[in-house]
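Peer 1: In order, the protein sequences belong to chains Y and V. Each step along the first sequence adds one to the number in numbering that gives the first Met the number 0, with nothing skipped, and position 119 is 118. Each step along the second sequence adds one to the number in numbering that gives the first Met the number 0, with nothing skipped, and position 131 is 130.
Hints may contain errors.
[What the hints assert, rightly or not] Computed footprint of chain Y on chain V, listed as stretches where at least three residues anywhere in the stretch have a Cβ under 8 angstroms from a Cβ of chain Y:
| id | segment |
| --- | --- |
| 1 | 125–138 |
| 2 | 143–149 |
[Unchecked claim] Far from chain Y, some chain V residues (derived; all Cβ distances over 10 angstroms):
| id | residue |
| --- | --- |
| 3 | 56 |
| 4 | 169 |
| 5 | 183 |
| 6 | 204 |
| 7 | 215 |
FYI, nobody ran anything at the bench for these hints, they're computed from the structure. Glycine included, every Cβ here is placed at the ideal spot set by N, Cα and C.
Spelled out, the chains give:
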Amino acid sequence: MGEQILLRARGVRKSFGALEVLKGIDLEVRQGQVVSLIGASGSGKTTFLRCVNMLEEHDNGDILLDGEPIGYRMEGARRRRLSEARVSAQRARLGMVFQSFNLFPHLTAEENVTLGLTKVLGKTRAEARDIAGHWLGKVGLEARRKHYPYQLSGGQQQRVAIARAVAMEPRLLLFDEVTSALDPELVAEVLGVMKDLAETGMTMLVVSHEMLFVREVSHHVVFMDQGKVAQAGSPSEVFDRPDSERLQKFLGRFHGIFSGGG
Amino acid sequence: MGFTIPGTFGFELWQARYSLLRGISTTLFASGLTIVLATLLGILVGTVLAYGWWPLRLLARAYVDILRGIPVLVLILFTYYGLALFGINVPAFWAGVIALSAFATAHVAENLRGAVQSVPTGQMEAAKAIGLRFPQRLRYVILPQAIRRMLPPWVNTGLEVVKGTTLLSVIGVVELLLSTQQIVARNYMIIDFYLVAGLLYLIINFSIAQLGAALERRFSYLRY
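Bound-form chain Y, shown alone:
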């Protein structure tokens, strides 16, 4: 499959103090693909995702978006950190959905979506409202566009957060355990929206513990363990033929969902 490589990570390392959380991550996301990161908590999945969006700064290695390094540029052999404005411009090409929704509580659902459209992309208010209406409709919340976040359920808030991210037409959407803070009965509505997005060809990098969803939607699954990529491949390779004991053990925790591993 010849789709172009949209995101490429090479040897990404990151430490918090003495603790090395990422020990050299290599990873590729091709245009239109859904790539999922799985692994136990503490394996570095979320940290890697946050490095992609410059919410954390990686210490070593490269993260390239459309071939352009994220967060710095090269001056000869030296790395120079990009200015705040340049980093912001890079972030505008990436969308992110958070575990804890992080909707702006002082803005309505619609205003949450239009803020970036008007202030970052320079759309007029009318254009922004149309776009927000379109995406709030896609996530099934057009009737709630005048509601404030506290008037929405967790699942609805997360769908607004997805609309806010996708309305910016990012090159790549990052999902950081977006269903982990939800009541079980609200998980399906959010996964449904993500599945719809995947089907429209949106490129997505997903950290998730929803193994059935990961298996069904992903083109590529990456199992991370102790700050490294331990195994990567198609969903069937990873789920049905886990080669390491650790992956078998990890999958075994989702007992009864998969025959393999147990």
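Put chain V on the given structure of chain Y with help from the hints.
Peer 2: Chain V in isolation, oriented as in the chain Y frame:
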């Protein structure tokens, strides 16, 4: 009713009406000006305290700590007499407003810093994630939330400012307290007129507190 008999409270109150009115308007004008100035400057200094480049932050920190540690009366006397020594002559009213504003700015700044830091970190991250630049993140995401969280202590500062204007009487600004003193000096009705002044201050401050409570109710939707 006794409005025509000198020496009765009603008569003296009627006689003093213009003095009292002038006193009240001076008090209100000085308070209002101070609150507006201190709010604007306080938001600025508070933002520096929370996010400033470190030398600026240190400067802001020093300002806040020094200004909070000095009695307001000392500030007022310094602005009026102290600056005159350097050849800077500030009219008493403005010296008072400057000193009170400098004091209240420190309080607003510290309150704003606290409010900014109590906004969940996820808010800044979400604002980053949609590509907003730093000034935009402050203006559209962080400050609107922080300012609403700052309301209760802000009302408090407002009350302190109104009460603080009484100190301007020391440098000869005829605000409500000094005009009351002047009235009392004419008619010797000490208890009656200080009660009137006290009541008027109470009415002003009660109104400010009510306004604050109304604003808080207005922003009650700000929940996480």
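Peer 1: None of the hints should be skipped; say for each whether it holds.
Peer 2: Hints, one by one, checked against the model:
1. 125–138: holds (count 10)
2. 143–149: holds (count 3)
3. 56: holds, 17 angstroms
4. 169: Consistent with the label, residue 169 of chain V stays out of reach of chain Y, its closest Cβ about 43 angstroms off (over 10 angstroms).
5. 183: The assertion about residue 183 of chain V holds, with a minimum of 49 angstroms to chain Y.
6. 204: With a cut-off of 10 angstroms, residue 204 of chain V remains clear of chain Y, as the shortest Cβ separation is near 28 angstroms.
7. 215: holds, 14 angstroms
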